[in-house]
Amino acid sequence: GAVVSQHPSWVICKSGTSVKIECRSLDFQATTMFWYRQFPKQSLMLMATSNEGSKATYEQGVEKDKFLINHASLTLSTLTVTSAHPEDSSFYICSALAGRWGTDTQYFGPGTRLTVL
Amino acid sequence: GENVEQHPSTLSVQEGDSAVIKCTYSDSASNYFPWYKQELGKGPQLIIDIRSNVGEKKDQRIAVTLNKTAKHFSLHITETQPEDSAVYFCAATSGYALNFGKGTSLLVTP
Chain A
1 GAVVSQHPSW VICKSGTSVK IECRSLDFQA TTMFWYRQFP KQSLMLMATS
51 NEGSKATYEQ GVEKDKFLIN HASLTLSTLT VTSAHPEDSS FYICSALAGR
101 WGTDTQYFGP GTRLTVL
Chain B
1 GENVEQHPST LSVQEGDSAV IKCTYSDSAS NYFPWYKQEL GKGPQLIIDI
51 RSNVGEKKDQ RIAVTLNKTA KHFSLHITET QPEDSAVYFC AATSGYALNF
101 GKGTSLLVTP
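As they're listed, the protein sequences go chains A and B.
The working numbering applies: residue 1 is where the first sequence begins, and numbers increase by one.
The working numbering applies: residue 1 is where the second sequence begins, and numbers increase by one.
Every clue listed holds true.
A short list of chain A residues far from chain B (calculated; beta carbon distances all over 10 Å): (1) P8; (2) C13; (3) E52; (4) G53; (5) V62; (6) N70; (7) D88.
Which residues of chain B face chain A? A partial, calculated answer using Cβ under 10 Å: (8) Y32; (9) Q38; (10) G43; (11) P44.
Everything labelled a hint here was simulated from the structure, so no lab data went into it.
Beta carbons are placed, not taken as given, at the ideal position from N, Cα and C, and that holds for glycine.
Looking at chain B on its own, in the form it has when it is part of the complex (with noise of 0.2 Å):
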């Protein structure tokens, strides 16, 4: 089955600067590549998503990237903020049942 690597486990930056975390993926047939937000006690939001016939998108601070030839996509925040501070999960998957990363704990430093 699909195994999802997620790294770094946790990240500190401090407000303002850039935050960068990297999934890769094993299975080559997969094909929808999300990225969800936790913050604490409440459930998963989408923030972004990428489809495999797309290298890059990005939606205002938020930006992921998609190498399907090394199997690894990254989500990019940029102008980091407080409220950024949370549990990031990458997703993938080749049809609908999800396959999470460990989760990444970002913490924006004011």
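Next comes chain A alone, as it looks inside the complex (with noise of 0.2 Å):
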């Protein structure tokens, strides 16, 4: 139990052009879905906080208007890079709270790679 799903695994996009990144909690409801950016062995940098039918809350530093978050669902959250730069090349992973487990574990998806050239 507790999968997450990530679509697209990768992505090459132009400059200047909008990608559009999916993450689904295939077994489990998540109210609250989490993104996060890594950049080569780094580790995991937490971008914002995604909680179902309401506005996203943003870490400091992290562009609200160029990262955009919709959690419509209790099983999928999306991530829009907007107006991507090569700059936002990176590799994305979302994860999920797992209530039904307990309250505070998260389980990650497999990661979307996005380069932009």
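From the two separate chains plus the hints, produce the assembled complex.
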């Protein structure tokens, strides 16, 4: 149980375009999901907390107008990187809070590799 | 905010030996401490976790110990195998948002 999927697993786009990444909890409902980015050989950096039916909470330094988050259902959160630039190239990972197993157990998706040319 | 320190940054052991990774945290309110294993190009996988009302937890070859007084917790892997090679992250939280350590790259050589 507690499986989280992401789509796509990798994407290459041109500078200036927008990219949408989906995060789904497959066998449980997640009122809270998180979005992280990870640079090579570094730790995970929390970008934002996504709560179903409400606005996301962004970490300091993360531009909310650039990284649009929508958590429209209990099993789906999306991250849209708007007007992407090469510096946005990174590994984006989502996680979901598995309420049925505990109030604070996070399960991670497989990640999405974004490359902006 | 919470600050999690993780050591060592790299660890190389021979197959069959034990591996120990240590983390310290700063926020005494932290009450949940998960460990994740991340293989190259993949998302982190939860391997074991411990809550602050427990001092030790074991799952087959993996164990975690917690010392709340000293604010440190450790991951112990016994009888290491080559497939244990990966980056391991510790984390701590008093709520939902995880504060991660910088990771330990474990290499198990045959």
